[in-house]
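Whenever a hint applies, use it, and build me the whole structure from the sequences.
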Amino acid sequence: MGRTRRKRARDGDGDGEDDATTGGLDDDTLLHIFDRISTRELLTRAAFVCRRWNRLCQSHVREIVPRFGDFSRWLHSSVWLKPKDVIKLARKHASTITSITFPRSQKDAEKIVSTVSALPHLRHLSAAFSDDNFPPYLAEALSPHLQSLDVFSRDHDLLGASVTWPNGGLAVTLKSFTLSLTTLHISSSDFGWDHLNDIFKCCSNLSDLGVVSSDLLILDHASISPMPPSLTSLRLCVSPGISVAYDRSAPWKLIKDSGRQLQALYAESTFSGTWQAICKACTNLKVLDLSTCDEVVITQFEEKTLCKIPFALRNLEKVCLPTASDNILLQFGRFCSHLIEFELNQISRKTGACNVQDKGIMALVEGCNKLQVMSFVNCTITNRSMRFIAFHCPCLRALNLFGCKLIDDEAVAILVPRLSNSLYCLNLDCCPRISAATLEFFRERASKVELLVIHKTLHNKLGALIKCIKADRPLLNIKAGAVSESDSCVPVILLSF
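Residue numbers (the working numbering): 704 to 1200.
I should point out that these hints are in silico values taken from the structure, not numbers from a laboratory.
Incorrect hints may have been included.
[Stated by the list, open to error] Label-pair ranges, simulated between beta-carbon atoms: (1) T986 / S942: 27 to 37 Å; (2) Q979 / A1149: 47 to 57 Å; (3) E1147 / S942: 24 to 34 Å; (4) R1017 / K1173: 37 to 47 Å; (5) R1136 / Y840: 50 to 60 Å.
Even glycine gets a Cβ: it sits at the ideal position worked out from N, Cα and C.
Structure (structure tokens):
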């Protein structure tokens, strides 16, 4: 009887992890195994996870890389398992899986829906579909315990699938898991402000909302309900990479009434009016993304507006700007001492340069010594900035110097020794002064750098040397960047694999 009771209790847990290959290993043993695997490999193998793997892997990786929200942006398009393999294993371990991710542009949407419907404990689903094969009744197949739903897949670089809601509208679709849903990312061709009101009313525990819809441009007679008190992260876009204008009617009312509760706002916009509205209404932000795919020509007016942001939003920990100048960086260094991540990814297609020089970089890092991630795409900076970064940013883990044409091999010799215990990712793509000496440096000196990006031409030229380095430093991944100089006008995402 005792054995029967123990067996029933084990089956009733729904964990089913005793049958797994790792079931006989304790947590410390698994973490020791993780420590021998490169972080890149750990992250790309997280296509689907059971509870224990999810907990251990994420807690381990969180100690290695900066984390804002989730790891999805590190996964990019590289996925360990093919969709059919994910489906096969998901069905085999249906009683244990709580999180599952499918790569972009799925062809067999019906099989995915069938698989998802068989996962009773599913908490997190991320799936990318093309416009012509989005399953219209996906929501009906989801577990009532669902917490995170991403079907517009901004983190998969997909331009968004058009969601077709069942009869009865969005409120009916979400009704089955309104109490548990905390994250919702969707794209729809007919998602207007009325639908947004439905979400605010029925999803009382929602903390992260991302919507892409051209109907958000229609502001005539638009009314807006207050955000649920739990909502702290918001992204409203009229098309991928272009946010609503927060200085106009309904969007302005939304952030004026509830903006102080937001901690993360993704407002990719070139409109200085939006920047001013955010400064007035969202004073408690910790994450602000103003990046944009459109080139911003910075005038004295834009510079003055951007200079107000650090003074108004002093709690910022992560910021991504569409453009910058030395004066703007000076203000961030003066008022935003809590900054952990600073990204400047814009590249001028006309001049090929950004109006940031050593003066701005030095002012920023002197005032923000907690920085862990920095991106200075196409800035006119020299090794002098590298010395300041190496001295003032002891916690730096990722640095993007894409297109910084004055950076040379000496910069690596300055950075890596002092940051050998923290620096994880270094992007030197389109830096013409970088040569074989940099690769020889990594070959001879041990460091924690696991991802080094160099120009495609240099990568091809030094193929034999790279193979030797791979043999000596198996954890170091040397990746080729832009194919040609004509491609250098396209920003390289620092943390993409």
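**Study point:** Numbers of unmet hints, in rising order
**Key:** Structure breaks hint 3 only.
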